[in-house]
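S.K.: Residues per chain are reported as follows:
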Amino acid sequence: MFNIFNLQKNYGKTEVLKNITLRIDDGEAVCIIGPSGSGKSTFLRCLNLLEVPTGGRIFYNGSLLDQELDSKRLRREVGMVFQKFNLFPMFTVLKNIMYAPVHINKMKYKDAEELARSLLEKVGLANRADAYPSMLSGGQQQRVAIARALAMQPKMLLFDEPTSALDPELVGEVLQVMKTLRSDGMSMVVVTHEMGFARDVSDRVVFMDKGYIVEEGKPQQIFNSPQQERTQQFLNRIILGREVVQNEYNLSAAPL
Amino acid sequence: MNTTLAQLHFEQTAQILVPSLVHGAGLVIETTLIGFLLAAIFGILLAVGRLFAWRPLRAILYSFLELIRGTPLLVQLVYIYYVVPLLLNLLASMLGYKTDVQISPISAGIIGLAVNYGCYMSEVIRAGILSIDDGQTEAALCLGFGRFEALFRIIMPQALRSIIPSLGNYLVMMIKDTSLLAYVAVNELLLRTQTFASQTFFTIEAYTYLAIAYLILSIPLSHCVKLVEYKLSTTRR
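The listed protein sequences derive, respectively, from chains F and L. By the count of this note's numbering, the first sequence reaches residue 256 at its end, each step adding exactly one. By the count of this note's numbering, the second sequence reaches residue 493 at its end, each step adding exactly one.
I should point out that these hints are in silico values taken from the structure, not numbers from a laboratory. No residue lacks a Cβ here, since even glycine has one placed at the ideal position from N, Cα and C. Treat the hints with caution; some may be incorrect.
To be verified - Straight-line Cα separation of at most 30 Å, BS3-like style, residue types lysine-lysine; simulated pairs:
1) L:K482 / F:K84
2) F:K18 / F:K95
3) F:K122 / F:K155
4) F:K179 / F:K84
5) F:K95 / F:K210
6) F:K95 / L:K487
Claimed, not checked - Partial chain L-side listing against chain F, Cβ under 7 Å, derived:
7) G391
8) E394
9) A395
10) C398
11) G400
12) I411
13) P413
Could you put the whole structure together from the sequences, leaning on the hints where they help?
M.R.: Encoded structure:
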């Protein structure tokens, strides 16, 4: 789906991404891990042109981004879920989900409402359709944000640290929804600090540091026998502390 | 003291001046409504231009803003009414045409108010737009909306909540500033009062009625603005 060659991104003299080359296939779930400031989010935001790359090429289904493909069309096919949810505060949950299908896909109001309600069902929030975002917990808001992205029937979803702004006890419900999506075959690229999720759900894990891809491979390979010293360091520091907590919360997460 | 007060002619003044002021008030309200509407449109365009336009254009808009904010409204009105037509005629004659462009007092007044207030209002609108989290724009873009759709569908409705009360205050200020239009020969309240006072020498009476007339116009209006502000602050986001 995405074919990325020598992607670079500078802010003035600060190089955030240096020669990223990566291929992401249709139907794949790729997790991007790495320390803060390693360029993970910037990389993700380059994929739907929220950030404009300063060098290199990205091909989406064979078309060069920025030239042959206009960003509006790209973004209708590649949805995004944000760390801070970014729901529209003046709309109800239902309207948040229906808004883009009605105004962009020109879907009939009734059909859009039906679609929105079925998506709410899917994320386990069928009874909160008429609530405003400010009345929901973080986990619920993020599930609505996922439903909103799904309403455009994207071919792929980008997740930018979807659980980083959540209270620990709310992380499980969001990850559960993402797992369900994954088992439905949704392609996804997930920037995350949830190592348990990366290990269990993804097809491939990419480890980034200081703007480079240090290592990529199957989850077992990255987590069990990382080749690079930097990857080992990172995993030792992060995973030991986190994994215990992570497993606990996965167990206690409410079923959908 | 009684004899002094008895020398004043409030009743006579009321009989002649008040109907005239009522007429003038219609004009004031009309001028304010049109002027405010144009100012709001101009303010939005200026704010959006200053935020998103091509860089050199932004610089030009900013210079214009400085020009307007750095000169008094009264001077601007006089300039639009007396100088701009002359400049246009001069320009035309340099190009070999003979013209006699004139601008009616009321149009000059409305243009002056709209441009001046538009500039101040654009800063309020700009700040309102900037106060909305970038994530809102990004979310809209990621759903497939364009930049301007995101601005007008998602950002503006949220920004208006903080913008509207300030704009309301500008509306109240504008209705009082219409008095400056007397200097470009618009027959509004001040000019009517001046004319009356200079003919009758009932100076105290005339200008007292004038002040009361402005109070009658502005106090209910400012209470409406307060009410709107209150409604906006108590309704749920």
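S.K.: Next, verify each hint and record whether it holds.
M.R.: Evaluated hints:
no., hint, verdict
1, L:K482 / F:K84, "34 Å, violated"
2, F:K18 / F:K95, "40 Å, violated"
3, F:K122 / F:K155, "17 Å, holds"
4, F:K179 / F:K84, "20 Å, holds"
5, F:K95 / F:K210, "40 Å, violated"
6, F:K95 / L:K487, "23 Å, holds"
7, G391, "4 Å, holds"
8, E394, "6 Å, holds"
9, A395, "4 Å, holds"
10, C398, "4 Å, holds"
11, G400, "4 Å, holds"
12, I411, "10 Å, violated"
13, P413, "6 Å, holds"
Of the hints listed earlier, those the structure fails to meet are numbers 1, 2, 5 and 12, in rising order.
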